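Participant: Heads up: the protein sequence lines correspond to chains B and W, in order. 22 is the number that the numbering used here gives to position 22 of the first sequence; each next residue is one higher, with no gaps. 858 is the number that the numbering used here gives to position 57 of the second sequence; each next residue is one higher, with no gaps.
A few of these clues could be false.
Here are the computed distance ranges between Cβ atoms for each label pair [what the hints assert, rightly or not]: (1) B/GLY648 to W/GLU1000: 13 to 23 Å; (2) W/ALA968 to B/ASP438: 36 to 46 Å; (3) B/LYS638 to W/GLY1112: 54 to 64 Å; (4) W/ASN926 to B/GLY648: 42 to 52 Å; (5) W/GLU1000 to B/PRO378: 40 to 50 Å; (6) W/ARG826 to B/ASP6: 49 to 59 Å; (7) B/HIS583 to W/GLU838: 36 to 46 Å; (8) B/ASP6 to W/GLY1112: 26 to 36 Å; (9) B/ASP129 to W/ALA895: 39 to 49 Å; (10) B/ASP438 to W/ASN926: 46 to 56 Å; (11) W/ALA968 to B/GLY800: 44 to 54 Å; (12) W/ARG964 to B/GLY800: 52 to 62 Å.
Just so you know, these hints were derived from the structure itself, not from any lab. Please read these numbers as outputs of a predicted model, since none were measured by experiment. By construction, the Cβ of each residue, glycine as well, lies at the ideal position given by its N, Cα and C atoms.
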Amino acid sequence: MNEIVDILKTMEYGPAPEDDAIVRGWLARHKARFGHFIGGKFTAPKGDTFAVTDPATAKELAKVSAGTDKDVDAAVKAATAAFGPWSKLSGTERARHLYALARQIQKHSRFLAVLETIDNGKAIRETRDVDVPLVARHFYHHAGWAELREEAFPGHAPAGVCGQIIPWNFPLLMLAWKVAPALAAGCTVVLKPAEYTPLTALAFAEICKEAGLPDGVFNLVNGDGRTGAALAGHPGIQKLAFTGSTEVGRILRRQTAGSGKKLSLELGGKSPFIVFDTADLDAAVEGVVDAIWFNQGEVCCAGSRAIVQEGVAERFYDKLRRRMETLRVGPPLDKSTDIGAVVAPVQKEQIAGRVAAGAKDGARMWQPSWAKEVLSSPGCFYPPTLFTGVSPATALAQEEIFGPVLAAMTFRTPGEAVQLANNSRYGLAASIWSQNLDTAFEAAKKVKAGVVWINSTNLFDAAVGFGGYKESGFGREGGREGMLEYLAPSWQKKAKARPAANALPAPVPVESEAAPGETRSIDRTAKLYIGGKQARPDSGYSYPVVDPKGRLITEAPFGNRKDIRNAVEAARKAEGWSDMTGHQRAQVLYFLAENLELRVDEFAARLSRMTGASAAAAKREVAASVARTIHYAAWADKYDGAARAPAGRMLSLALPEPYEVIGISAPDEAPLLAFLSLVLPAIAMGNRVIATPSPNHPLAALDLYQVLDTSDVPAGVVNIVTGDRDQLAKVMAQHDDIGALWYFGTAEGTATVEAESAGNLKPVWASNGMTRDWFDPVQGRGEEFLFRATRIKSIWTPYGV
Amino acid sequence: MNARTETREAAGTNLIAMPKQGPARNEGTALKPEWFETVDVNLSAADRRVATLSARRSVKKQWQAAWLVKAIECIDLTTLAGDDTPGRVERLCAKARHPLRDDLVAALGLTGRRLTTGAVCVYPNMVATAVKALDGSGVPVASVATGFPAGLTPLRTRLEEIRMAVADGAAEIDIVIARAQVLTGDWPALYDEVRQMREACGEAHMKAILATGDLKTLTNVYRASMVAMMAGADFIKTSTGMEGVNATLPVSLVMIRALRDYLDYSGQVVGFKPAGGIRTAKDALAWLILIKEELGRDWLEPELFRFGASGLLADIERQLEHFVTGRYSSHDRHGMA
C-alpha cells in the first residue's frame, strides 16, 4: 500500500464529504413525504404532490403536496385567527419567541446546512458558513425589533396577515428575511417556498413547534407558481412580500393592484462590479469569486457585469483566469467544493443557452481547462465562465443569467464607469474596487443601486437594509427600513372612504354666470407650470373650474400625456436639485414659506371661492400650508440615514436617496394644504416632481407658480399639470422615467395606477380611495412622507491598514 | 467534475508557468519601483481570503497524513536561542535526520523513502557543529546572519557574518533586512544592501527575512518583498520569530502574491518561508493549502517552500500517530529534538 507516496506526488486534496446520514434519517422518519404546515399542524401529504430532487445526483429526496386554493385558504384562516393574540402579545413576549427560534436554528445548524445543500445543490461550505449563520443572526436581530417595536415605531401597528413567496437560491435565508421581521412586527405569516427547495422550510416548521411558537403564527403551504398566485390573490392577506424574478414581480404587482395590500418586491439584477486602476487587483479577483461564483452565480445581487478600467483590464483578466483554474466544481457535500450544482436541469440549460448566445454576439468566452469534464458530468453542474469584450448593447450585458457567468467590459474614465454601471434596467447592487476612497465613494454615490459594497461584495447583515432600485424592486429587508415594510400607521385602520368627487366638467365653454367677486375684465389665464415656465396645455382644451354652486370661476388647462411627458423631461433636467445639500434645499423652502405667507389673504380667497370654505377655514388652510412648508424646510437637512457597524472594521451607511422624479396626484380635499403636504416632502428630500392638483379645485395650486418663481425653486423641480387626475396618473404610472408615484385619488384609480406601474416597477404610494386629515400632524406629515420620498442605499465600507 | 477527479492536478498542470528545467536561482533584476509603487494592499480583502480559504479546502484521512509528511519535508528545524550549545544542536540535527518514529514510517508505507526535514536552521556559531552532525544526511544547514534578529549592526560586519557562515558550510543564509529602509521607503538603500548580501552568500541560497511584524502594513510587506526579490533573494521569509507578531496567513498571502507578480514580470522563481508561531499540524495544513491555492502544486516542495519552526514537528508526529492508530497520542511517545 503506497497510497501516501502517491498522494505525496500529486498533493491532491482527496475527498472530504460531509456526512448526510442524519439528514437522510430525518427524511426517512417523514417517509420522504411532506404536506403543509397550517395552524401548528403538518397536513397529511395527499392529493397532488411534486417531487423534490437533489440536483447534484438527480435523485428524488421527497414528495411534497402541491397546495390548492383550499390549502391556501386554510392557512390564511389559521394566520388570521392567530393574528389577534400574536399582535397583542407584548414586545418582550414576541421577542422571546424570536429569540427561541434563533437558538433552535443554532442548535440545528449543521442539520439545516446539510439539508439545504442536498435540496438546493449549493456547497456545504456556503450553507454552513454563510446561509445558516445569517439565518440565526436574522432572528436574533429581529428578536430585538420585537422588543423595541413600540418605542422605535410609535404610531405604528402590524400590517396584518402576510403572504410571503420566496425563491430557491437561498431557501432558508430568504425565509428568515421574510419571517423574522413579520413576526417581530406582530404580523402572522403564510409562506410559500419555492417548489425546487421546500425542505428547509419544512424543517423550520418543525423548529417552530419545538420552540413553542403559537399555532398559526407561521404557516407553510408548498407548491409552484399556482399556489403562489392563490396566496397573492387571497383577500385575507394585508401584505405580500416576494423575492424572485422581475417577470413574476410584475405579475404580482398587477395581481395585487387596488387590493390595498402592502407589497415589497426583491427582484432580479445585473449588478456591476467596477474595478478601478487604483484597486488591489488580487483583492478584486477574490471579490469576483465571491460575487459571481458564490452560490453558482444564482444570486440576485451577483456582481455579474465586470466593468474594468482599460489600463489594468488585461492584467486583471489574467489573474482572474488563473484563479478560475483553481475553483472546484463538484459534489456540494464535499467540504472542498467551491461551486456546487445549479438548482435544476432547466436552469442549467438556460445558462448554457445564454452562454451560447453570448458567444455568438461577439464576446470572447473563456472557461477553465477542465470545463469540459464538468459539462459532461452527470448532475446539474456548470463551469465558471468569463466573457470579455462584452458590449453593453448585448444580452450578455443586460439580461440576468443567474449562473456562474461573468460579462466583462472596460471603461476609460470614472464617469464612464458609472454610466456603464447605470446602463441597466436593474439596480440591485454594485461592487466598487479602489484603494482611493475618493474614487470609490464618488462611484458609490452615483451608481443607482440599493446596496453598494466598496472593496467587498455579497455581504449581508440583518441590521443593514437590502433591496433594489429600478426594476430590481422596492422595499427593504433588514434594519429599521425593513421593519417598516411590516408596519402601517395605526390611524389608517380607522381611515374613512373618500366621498365621491364631482365629475370633472367637459373641457368646453360653459354658459354660466361668473362666480361673485371674479372680475372678467382682465383675463388671468391659468396655465400649466412646466420647467419653470407657464405653458398652455398641449391639447388646446381648457375645462371650467366652478364654485360649489356650479358657477364658473375660470378655466383650467386640460393637460394630457404630452404635457406629462414634457414635465418629466423638465424634471429630469433639474438634476442639480438632487445634488444640492439639504441645507441649500432648506433655504429655498424657508424662502417659499416666507413668500407664501405674504399672500395668505389672496390664497385664502381663492380657496374660499373654489371650495366654499369660510374665510376663517380658508385662512387656516393657508396658515397650515405655510407651517407645513417650514416643517419640511426643517426636515430637509435632517433625514439623513444611519451609520452601522455590521462587522469588525466595517462601516455601513444607510443613505436615504431621492427617487429623483416622482409623480404626484393630489386629492380634492384641502386643495392647497394636501398638494403642498405631498410636494414638499418630495422636494425636501431632493426629488423633482410632476404634480397634478385637485382636478375640481386646481387654482390655488396653479397660483403657486408665482410663489415658486419668487422663492428660487429651480426650474423643473416642481411641475404642475392640471386635468383629469386619473388620466394623468395613468400616464405617469406608465412613464418609465418616473421613479415613484404617489396617488391620492379613488380606489379604482389606485387599481389602475398600481397595475400600470408594473412596467418599470416604480413603487406606488396610494390612498386607495381612503381619506386622511391633512391638518392632523400625525396623518398629514411626518416620517411616513419622508420614508416614501426616499429609498435607502446601503453602502458597505471596510477599512483597515 | 474537476473536484472529484483532480486530473489536471495529477497531470501536473500548474497555475503558473514555471521554467521547464525547474527552479533556477533568482538572479534578481534592477530596482524597478514601477513594479510595486502603485500597489496598495486591501487589508480586509486579504483577511477575508485567508479566513475563507481554510474553510474552502479540507484534507482528511490518508490525504491529511500525506500532507503532514510533506510538511515535515518542508520544515527548517530551528533553534535560535541564547542558550544553544553544541550538544543541543547535535540533538536537533539527529531529529532532522530522523523526524518520525520507524513504526510510523512503516505504517505510512514510507520505509525506504528518504524522510528528513528540509533543513536545520541555527546561529552562525553553530554552523560547523550542525554541518558535522548532518554529514551524509543530505540535510542542508541554514544559518541566520546579518545581525539577526534586528539587523542593526554595521553593514561590513553583517556581510562578514554571511561569509563566515558560508565558509563554515552553511548552504542557506537567512538574512534580515533593515526595517528602517522599508518604514522610510528608502528602496534604493534596501535594494543595495540586500544585493551585497546576496553577493556575500555566493553559492549559498539566500532567504530574506522581512520581519513583517515590524513592517505593520500589508502594503509595506508587498513592497519589501518585491525589493528583496529584485535584489536576488532565493526565498522571502516572514519573520525572525522574535517580532511581536510572526508569520500570519494574511502576510503570507501578500508575500506569495508578490512572489507571483515577480515571476510574471521577471520570469524568475522565488521560494517562500513563513516562520514563527507555526506550532500545530492544523497550522501547517492551512499554509500548505494557501500555497497550493495561490501558487500551485510545484511550490509544495522544500526547494520552494519551508516552514521555520521548532515545535511544529512534535505536533505533526502526534497527528500522524493518530492517523495510524486511531488513538490520540502524547508528546512523550515521540523522540524530542
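Participant: Find the hints from earlier in the document that the structure breaks and name them by number, from lowest to highest.
Facilitator: 1, 2, 5, 6 and 12
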